[in-house]
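Enquirer: Protein sequence lines correspond, in order, to chains A and B. So in my numbering, spot 95 of the first sequence is number 95, and the numbers just go up one at a time. So in my numbering, spot 151 of the second sequence is number 151, and the numbers just go up one at a time.
Take the hints with a grain of salt, since some may be wrong.
Here are a few chain B residues that face chain A, going by a calculated C-beta distance under 10 Å [unchecked claim]:
| hint | residue |
| --- | --- |
| 1 | Y73 |
| 2 | G87 |
| 3 | R305 |
| 4 | L306 |
| 5 | E307 |
| 6 | K310 |
| 7 | M312 |
The calculated lysine-lysine pairs, modelled on DSS-like cross-linking and capped at a C-alpha distance of 25 Å, are [said to hold, decoys possible]:
| hint | chain 1 | residue 1 | chain 2 | residue 2 |
| --- | --- | --- | --- | --- |
| 8 | B | K310 | A | K157 |
| 9 | B | K102 | A | K151 |
| 10 | A | K46 | B | K61 |
| 11 | A | K154 | B | K310 |
| 12 | B | K310 | A | K156 |
| 13 | B | K287 | A | K160 |
| 14 | A | K46 | B | K3 |
| 15 | A | K151 | B | K295 |
| 16 | B | K83 | A | K58 |
Calculated Cβ distances over 10 Å to all of chain B for the following chain A residues [stated by the list, open to error]:
| hint | residue |
| --- | --- |
| 17 | A90 |
| 18 | Q117 |
| 19 | K151 |
If you're looking for bench data, these hints aren't it; they were derived computationally from the structure. Because the structure is a prediction, the values reported are computed rather than measured. Cβ atoms here follow ideal geometry from the backbone N, Cα and C, with glycine treated the same way.
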Amino acid sequence: MEEYPLDDLLITGTEINYLFICPTKLWYFAKGITMEQESEWVDLGKFLHERRYGNEEKEVQIGRVKIDFIRKGEIIEVHEVKKGKSMEKAHEMQALYYLYYLKRLGIEAKAVLHYPQLNETKEITLDGREREVEEAIQEVVRIKSLPAPPKPVKSKKCRKCAYYELCWV
Amino acid sequence: MRKRSKTILSDGTLFRRENTLYFQNAKMKKPKPLVVEGIYDIYIYGHVNITSQALHYLAQKGIAVHFFNHHGYYDGSFYPREKLHSGDLVIRQVEHYLNREKRLQLARLFVKGSALNMEKNLKRWKVADGFSGLLEELFRELEMAKKITEIMNVEARIRSEYYSRWDEHLPEDFKIVKRTRRPPENEMNALISFLNSRLYATIVSELYNTQLVPTVSYLHEPGERRFSLALDLSEIFKPIIADRIANRLVKQGTIRKEHFRGELNGVLLTKEGMRKVVEAYNDEMRKSVRHPNLKTNVTKQRLIRLEAYKLMRHFVGVGRYDPLVAWF
Numbered sequence: 001m002e003e004y005p006l007d008d009l010l011i012t013g014t015e016i017n018y019l020f021i022c023p024t025k026l027w028y029f030a031k032g033i034t035m036e037q038e039s040e041w042v043d044l045g046k047f048l049h050e051r052r053y054g055n056e057e058k059e060v061q062i063g064r065v066k067i068d069f070i071r072k073g074e075i076i077e078v079h080e081v082k083k084g085k086s087m088e089k090a091h092e093m094q095a096l097y098y099l100y101y102l103k104r105l106g107i108e109a110k111a112v113l114h115y116p117q118l119n120e121t122k123e124i125t126l127d128g129r130e131r132e133v134e135e136a137i138q139e140v141v142r143i144k145s146l147p148a149p150p151k152p153v154k155s156k157k158c159r160k161c162a163y164y165e166l167c168w169v
Numbered sequence: 001m002r003k004r005s006k007t008i009l010s011d012g013t014l015f016r017r018e019n020t021l022y023f024q025n026a027k028m029k030k031p032k033p034l035v036v037e038g039i040y041d042i043y044i045y046g047h048v049n050i051t052s053q054a055l056h057y058l059a060q061k062g063i064a065v066h067f068f069n070h071h072g073y074y075d076g077s078f079y080p081r082e083k084l085h086s087g088d089l090v091i092r093q094v095e096h097y098l099n100r101e102k103r104l105q106l107a108r109l110f111v112k113g114s115a116l117n118m119e120k121n122l123k124r125w126k127v128a129d130g131f132s133g134l135l136e137e138l139f140r141e142l143e144m145a146k147k148i149t150e151i152m153n154v155e156a157r158i159r160s161e162y163y164s165r166w167d168e169h170l171p172e173d174f175k176i177v178k179r180t181r182r183p184p185e186n187e188m189n190a191l192i193s194f195l196n197s198r199l200y201a202t203i204v205s206e207l208y209n210t211q212l213v214p215t216v217s218y219l220h221e222p223g224e225r226r227f228s229l230a231l232d233l234s235e236i237f238k239p240i241i242a243d244r245i246a247n248r249l250v251k252q253g254t255i256r257k258e259h260f261r262g263e264l265n266g267v268l269l270t271k272e273g274m275r276k277v278v279e280a281y282n283d284e285m286r287k288s289v290r291h292p293n294l295k296t297n298v299t300k301q302r303l304i305r306l307e308a309y310k311l312m313r314h315f316v317g318v319g320r321y322d323p324l325v326a327w328f
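Looking at chain A on its own, in the form it has when it is part of the complex (with noise of 0.2 Å):
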């Protein structure tokens, strides 16, 4: 890509959110050793996604950026769809990302997290906190640039981790 304008935010919303739900997690699948493949929730979670947002607009790609979907208001929504609430920190943040890198384009934008199963949306919006913002995106490049994962934390997420047995075996 040439002259891309915002070459200094290199990395992905995905990773945003890996950074709030494991550090180890985030470094495997930055290097490209990712386990989605294997996951029967990630399967699911495109499927949910299929069947109730088969008519929006889907996968818009900005740059790095990769948004569930978008529509067009007063102001442009960004709409991130999720399965469950546990891991809320990660969507919020991952939302922000977008936002934050929107408006790095000179686009004023606000996001929706879509929980269908829980039949809940969540209204975010930037204000103010890009600082947080950045420091998640200075986090992300230190993990990247690591030589080896950080050690795992062992928890309760891990269960349902894709990468629970790449971890701990």
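For this one, chain A is given, so just place chain B on it according to the hints.
Expert: Okay, now just chain B, sitting in the frame of chain A:
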């Protein structure tokens, strides 16, 4: 749905019609639809025609197909274009080959793991006579080995000690006596070779589903137009998968003399013999054991994948690869 391995022993045609894969058995009228979403990989022993449409479809679904000749030996695989890539991991995997110390370390670990699994078998079969003491000595030699050929040499000595003890446990008609391959000169050798071929193909399938490069290996020399990393891993699994199945089949009389035929090129399993062995193999791979680290039940087949994951961790620098030693 848990994906399963599909084995085709009969003759026929594998083809695609619309979005369904069918197998037309040569002896039956109606083609049988195969649920592609439920297939992990395919093993073909029969005389099977495959249409290119079927292959396109299998490639799209990422399903590897392994072919065996009519002696039951591995011929090759249809290994769909790889979909999992990690440049970073490839570089590290190769680095562990190029760095002599790192390569020797891995080669030693494969031999060690293999030997400890042989020891475990001999204890199960109650013929471990002096084997452990011998291993201690050979492991010291292994540590001092500075060349792959020296490591290979230790490996060969361990193996021959293992076979001679295993022989004590085997029925008179099924002694190994001397391990012979290509062609196997007696029944037990034929049985072991058949199982090893099958195991090798299973490991190829498992590697296909990881980011590891199957041709970069450590104990075996890479680049012999073989998936030599699968050979490295098979050292670990041959004793606890193939040997145990072979042992059980002859001890329980499931496989008997009549399941073999003598040919110009050695002793081979008959079609019926192959059927029985494959059935036993598939059953065995679906059996699960409780994994002490994961605290969950995993199938014997999954243990191979887990071993690949341990190697990946070794390559990215998280601790040292610790070969599987059967606790079951």
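Enquirer: Could you grab the alpha-carbon distance between K310 of chain B and K156 of chain A and see if it respects the 25 Å cut-off?
Expert: With Cα atoms ~22 Å apart, K310 of chain B and K156 of chain A stay inside 25 Å; holds.
Enquirer: The output says K151 of chain A does not contact chain B. Does that hold with a beta carbon cutoff of 10 Å?
Expert: Non-interface label fails for K151 of chain A: nearest chain B Cβ at 8 Å, not farther than 10 Å.
Enquirer: Does K61 of chain B lie within 25 Å of K46 of chain A when you go C-alpha to C-alpha?
Expert: Judged against 25 Å, a Cα distance of about 17 Å means the pair holds.
Enquirer: Are K83 of chain B and K58 of chain A close enough, with their CA atoms no more than 25 Å apart?
Expert: Holds, because 23 Å separates the two Cα atoms, which is no more than 25 Å.
Enquirer: Does the closest beta carbon of chain A sit nearer than 10 Å to the beta carbon of R305 of chain B?
Expert: holds (8 Å)
Enquirer: Are the Cα atoms of K151 of chain A and K295 of chain B separated by 25 Å or less?
Expert: Measuring from Cα to Cα gives roughly 19 Å; hence the hint holds.
Enquirer: Is the nearest CB of chain B more than 10 Å from the CB of A90 of chain A?
Expert: holds (23 Å)
Enquirer: Given the hinted pair K154 of chain A and K310 of chain B, is their Cα-Cα distance within 25 Å?
Expert: The hint holds at about 17 Å.
Enquirer: Would the hint on K310 of chain B be counted as holding, given a Cβ-Cβ threshold of 10 Å to chain A?
Expert: holds (6 Å)
Enquirer: With a cut-off of 10 Å on the beta carbons, see whether M312 of chain B makes it to chain A.
Expert: Holds: closest Cβ of chain A sits about 7 Å from M312 of chain B, inside 10 Å.
Enquirer: Checking the smallest CB distance to chain B, is Q117 of chain A really beyond 10 Å?
Expert: holds (21 Å)
Enquirer: Are E307 of chain B and chain A close enough, Cβ to Cβ, to be under 10 Å, as the hint says?
Expert: holds (8 Å)
Hints 1, 19 from the earlier list are contradicted by this structure; the remaining hints agree with it.
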